[in-house]
Amino acid sequence: INNITLFMGQLYASIRDSITNKSEIRYYNNGIWTLFANNLKSTIRNPFVAYHDTLYFLSSGVVSDPVDMFILKFNSSGTLINSHSISKANSEMRLEWRFAKVINDVLFVGGQFRYFDGEFAGGIAAIDSIGSKIPFYTSTGFSTPFYNSFGYSLYHDTIQNKLYAGGMFDFAGDTIANSIACWDGNKWSPLGDGLNGVDEFKYVRRITEYNNLIY
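Under this note's numbering, the first residue of the sequence shown carries the number -14, and numbering increases by one thereafter.
Source of the hints: derived by calculation from the structure; they are not laboratory data. For clarity, every value in this text was computed on a predicted model and none was experimentally measured. Incorrect hints may have been included.
Stated by the list, open to error - The calculated lysine to aspartate or glutamate pairs, modelled on EDC-like cross-linking and capped at a C-alpha distance of 16 Å, are: (1) Lys73 - Asp113; (2) Lys172 - Asp159; (3) Lys172 - Asp102; (4) Lys58 - Asp102; (5) Lys86 - Asp113; (6) Lys26 - Glu81; (7) Lys118 - Glu104; (8) Lys73 - Glu104; (9) Lys26 - Glu9; (10) Lys58 - Asp113; (11) Lys58 - Glu104; (12) Lys147 - Glu81; (13) Lys147 - Asp90; (14) Lys26 - Asp2; (15) Lys147 - Asp169; (16) Lys118 - Asp155; (17) Lys86 - Glu9; (18) Lys187 - Asp155; (19) Lys58 - Asp38; (20) Lys118 - Asp102.
Unchecked claim - Pairwise CB distance ranges, derived in the manner of DEER restraints: (21) Gly177 - Asn23: 22 to 30 Å; (22) Asn171 - Ile4: 41 to 49 Å; (23) Asn171 - Ile(-14): 34 to 42 Å; (24) Tyr13 - Lys172: 33 to 41 Å; (25) Asn196 - Asn14: 39 to 47 Å; (26) Asn23 - Tyr200: 39 to 47 Å; (27) Thr160 - Arg191: 20 to 28 Å.
C-beta atoms are modelled at their ideal positions from N, C-alpha and C, and glycine is treated no differently.
Make a model of the complete structure from these sequences and hints.
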């Protein structure tokens, strides 16, 4: 069992076969697990989350497709309604999913990738309730982002209602951020001078709060 989530009042589970690298989704009702979707290309980590009336499964790609990963979207009957494409800069970059979380009615996804539906992304992307994409990069003013952009972690400060993102990226919004950034509900901004400077091999792995300070 790779992940579980609640969708339309029922429990859903994604089940990964480590031999075939394929996944299926089943839902639980009155003691019975029923097949919802199958033959989904999977990796070790495939975030899986319900958002409004849609079930999102973060899938790896298949060899015959020009992109490398997908966010598959299913309706309540198990029909694949559409998907978002996730791609990398070149063949040397490893792709990886890390998280999918709904916070303040926005779906945030993160991992190691450079492009989200053909647009620059620094390993983090967001989708709102009407399907509009909220870019992590709002400008192409910085033309040389880190080779391996990586969204690794999220922390939601429910008191100040701020969201912190960590990973390995060089800017957020229109400003240099150095692997840690803050979302205030409208825009991304850096958190001080960041934490990695010019060293792209340092990245923010976890974020937490203690005594009103971010660690």
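How the hints compare with the structure:
no.: 1; hint: Lys73 - Asp113; result: violated (23 Å)
no.: 2; hint: Lys172 - Asp159; result: holds (9 Å)
no.: 3; hint: Lys172 - Asp102; result: violated (20 Å)
no.: 4; hint: Lys58 - Asp102; result: holds (14 Å)
no.: 5; hint: Lys86 - Asp113; result: holds (12 Å)
no.: 6; hint: Lys26 - Glu81; result: holds (13 Å)
no.: 7; hint: Lys118 - Glu104; result: holds (10 Å)
no.: 8; hint: Lys73 - Glu104; result: holds (11 Å)
no.: 9; hint: Lys26 - Glu9; result: holds (9 Å)
no.: 10; hint: Lys58 - Asp113; result: holds (14 Å)
no.: 11; hint: Lys58 - Glu104; result: violated (19 Å)
no.: 12; hint: Lys147 - Glu81; result: violated (25 Å)
no.: 13; hint: Lys147 - Asp90; result: holds (13 Å)
no.: 14; hint: Lys26 - Asp2; result: holds (10 Å)
no.: 15; hint: Lys147 - Asp169; result: holds (5 Å)
no.: 16; hint: Lys118 - Asp155; result: violated (20 Å)
no.: 17; hint: Lys86 - Glu9; result: violated (20 Å)
no.: 18; hint: Lys187 - Asp155; result: holds (11 Å)
no.: 19; hint: Lys58 - Asp38; result: holds (10 Å)
no.: 20; hint: Lys118 - Asp102; result: holds (9 Å)
no.: 21; hint: Gly177 - Asn23: 22 to 30 Å; result: violated (47 Å)
no.: 22; hint: Asn171 - Ile4: 41 to 49 Å; result: holds (46 Å)
no.: 23; hint: Asn171 - Ile(-14): 34 to 42 Å; result: holds (37 Å)
no.: 24; hint: Tyr13 - Lys172: 33 to 41 Å; result: holds (40 Å)
no.: 25; hint: Asn196 - Asn14: 39 to 47 Å; result: holds (45 Å)
no.: 26; hint: Asn23 - Tyr200: 39 to 47 Å; result: holds (42 Å)
no.: 27; hint: Thr160 - Arg191: 20 to 28 Å; result: holds (23 Å)
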